[in-house]
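As a plain string of letters, each chain reads:
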Amino acid sequence: MRRALGGLTLVLLGLTVYLGLVVTPPRPDQGGEAVRLLYVHVPAAWIAYLAFGVTAVASILWLVPRTRRAEWDLLAGASAEVGVVFAGLMLVTGSIWGKPTWGTWWEWDARLTSAAILFFLYLGYLALRRTGATAAERGTRCAVAALVAAADIPIVHFSVSWWQTLHQDATVFNRDLDVKISGSMALALVCGVVAYTLAYAWLVLTRLEVAQLEEGREERALAQAIAERTAAGTVTA
Amino acid sequence: MSLGRDAVLVAAKDLRIEARSRVALQQIVPFGTVIVILFAFALDADRDLLRRTAPGLFWTAVLLAALLAVGRSAGVEEANRARDGLRLSGLDGAAVFLGKAGAVAVELVVFEVVLGAAVVIMYGVTVHGILVMVCAALAATVGIAAVGTVYAVLAGGLRARETLVPLLVLPAVTPVMLGATRSFEAALGLSAVDGWAWVQLLAAYAVLAVVAGVIGFGPLLEES
Amino acid sequence: MSSIRLRSAVCTLGRFPALAGVDLDVEAGEVVLLSGPNGAGKTTLLRLCAGLLPLRSGTAEVLGSDLARDRRAIRRRIALVGHETFCYDDLTVSENARFAARAGGRTADDADAALARVGLEPLAGVAHGRLSQGQRRRLSLALALARDPALLLLDEPHAGLDDRGREALDAVLGAAPAEARTVLVASHEVERTRPLVTREVRLVGGRIAAAEPVGKRES
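Residue numbers (this note's numbering), protein chains in the order written: chain G, 1 to 237; chain Y, 1001 to 1224; chain V, 2001 to 2219.
Please note: incorrect hints may appear among the correct ones.
Claimed, not checked - Derived CB-CB ranges, DEER-like: (1) Y:Gln1026 to V:Thr2059: 50 to 56 Å; (2) G:Ala232 to Y:Ala1019: 50 to 56 Å; (3) Y:Ala1197 to V:Thr2059: 35 to 41 Å; (4) V:His2083 to G:Glu219: 27 to 33 Å; (5) Y:Ile1121 to G:Arg66: 54 to 60 Å; (6) Y:Gln1026 to G:Lys99: 19 to 25 Å.
Hints in this document: simulated from the structure, not taken from any laboratory.
Glycine included, each C-beta is placed from N, C-alpha and C at the ideal position.
Start from the sequences, fold in the hints, and give me the full structure.
Put into structure tokens, the structure is as follows:
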């Protein structure tokens, strides 16, 4: 199943590249050829937020005693590991696209700034995940951290947007990376979003499988240690 | 209500420890004042620049001091396994959270008053809207203390606590930094921004942060 | 009426299986001695009963309630005397005792009375950080007694205890059945403790090796 998903992902990614580089037109007012980064930047942004959402939901499932299973903790971690890459990609493409558009490598616009904070929230969460070898050890603290961060993200976004409206004096150029989408651009964008979502799913499933193998190995080692101790105990009675 | 009484009990305990050990007074307050001086060096003692950036510099110093304060608040429970004592006592996790965060908030307010005086003196700012300033500071402090306390107990038993807590706390409190700085700018007459609107944001953040702590602190305390 | 009921309890500390399947029954009013070599899991067993450690598998019931579900309610009725005092070095003995008592739903008077019972009132104003090992042991005992627990868990209470403390400890153990208090005490001082207990349970390698009634008192 995963292989089919992987194959489909590659096809759609290839299609997106073709559409983005060949079919769609450049936009002189929005950075010329650099506007093609839109087809990476927007899907990456979507995944960056989607991934954190998945981490948050998986964290809730871990925290509720009735639904608590190691798989939820592993899913939360896998999604975050993939999400951080897309968040980084979003920042980098946003910056590179900004250079010809704004003339600078960075602007404190609402989207990029919020994305930067999201990136660091990811980093903090991933640092916490390294503090325990099994889901049981790190599960609760990571889950709470993920939920606090997830609740924080909309607040960050809101406050940063509001902050930026204060700076909306009459400026020469459009500071936001907003582009009027039409025709082939819309197609390329949609294709990109779908392709990236499939890529995310494939990456998370793969990472999850590795995580389950790791967790399984820990569990087996633990079960063996328990069995050894149990056997040794009965001998000395 | 028993929750309130227990929270006051825990807060009083933490504040009494602080009164005895005087760590906040003798270490964190001087730390903050040194930061204020460092900023002056960094900005070439440009009085006009310092005056205009005073709100941002002030709140940066407060955030850094808050990291120390919540770290200390969590650290106090490490010696003699006091954390196990809190768990064994049967106290509600919410009460422990409210008490500890409350104590941190009180310490931060004292810190802010002293630091504020230092900034007024060294940067030459004049205060126009004292009420906005006080409300903004209180709301911001509650938010910082609440979020900081949650993350500090979360990382409490870990060896990397001192480096993890800043990484966790600082991105999470950026809305507070924005709101507090903007409303202080309004209070100091540095901008025409509506300070009270930002105070509302700070208040909303504070409420959410306290709710998060009340819910999450108990489970976190159980995980050593 | 059961005080402690463990069935196939498995408890892991990281990767180490400290308890590898323990079955234990302790009835109300019993004074049970938990003996065994170092590393057998005595401390782990006591901490498990106090609800400080999660079970990896098996069941645990303390004072009639499931440990995983009703932890807070159980904790109000038990007390643990461990290797650490759970106190704050910057506060005085009296302040620590009062905080612990109030946190456990008792009053400052209960705290003062408990300090008197172990002979610590002269040190009431001394900072916890300045106490000696023996004084800390007595303080631990006092804090536990102030809670008037239905179940008292003692982890090596004789270690580092001075003569005054030993008197107090023996008095507590001796008075337990009359006070309807269940006591589970882990100790190396088997010979000294045997006369005061109703039963001895031997823990080896994370499992119960032997359990037999012993001592002059009938349960």
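Status of each hint after checking the structure:
1. Y:Gln1026 to V:Thr2059: 50 to 56 Å: At 51 Å between Cβs, range holds.
2. G:Ala232 to Y:Ala1019: 50 to 56 Å: 53 Å, holds
3. Y:Ala1197 to V:Thr2059: 35 to 41 Å: Cβ of Y:Ala1197 to Cβ of V:Thr2059: about 56 Å, so the range 35 to 41 Å is violated.
4. V:His2083 to G:Glu219: 27 to 33 Å: 31 Å, holds
5. Y:Ile1121 to G:Arg66: 54 to 60 Å: Distance hint for Y:Ile1121, G:Arg66 holds at roughly 58 Å.
6. Y:Gln1026 to G:Lys99: 19 to 25 Å: 49 Å, violated
Violation of the numbered hints given earlier is confined to hints 3, 6; the remaining hints are satisfied by the structure.
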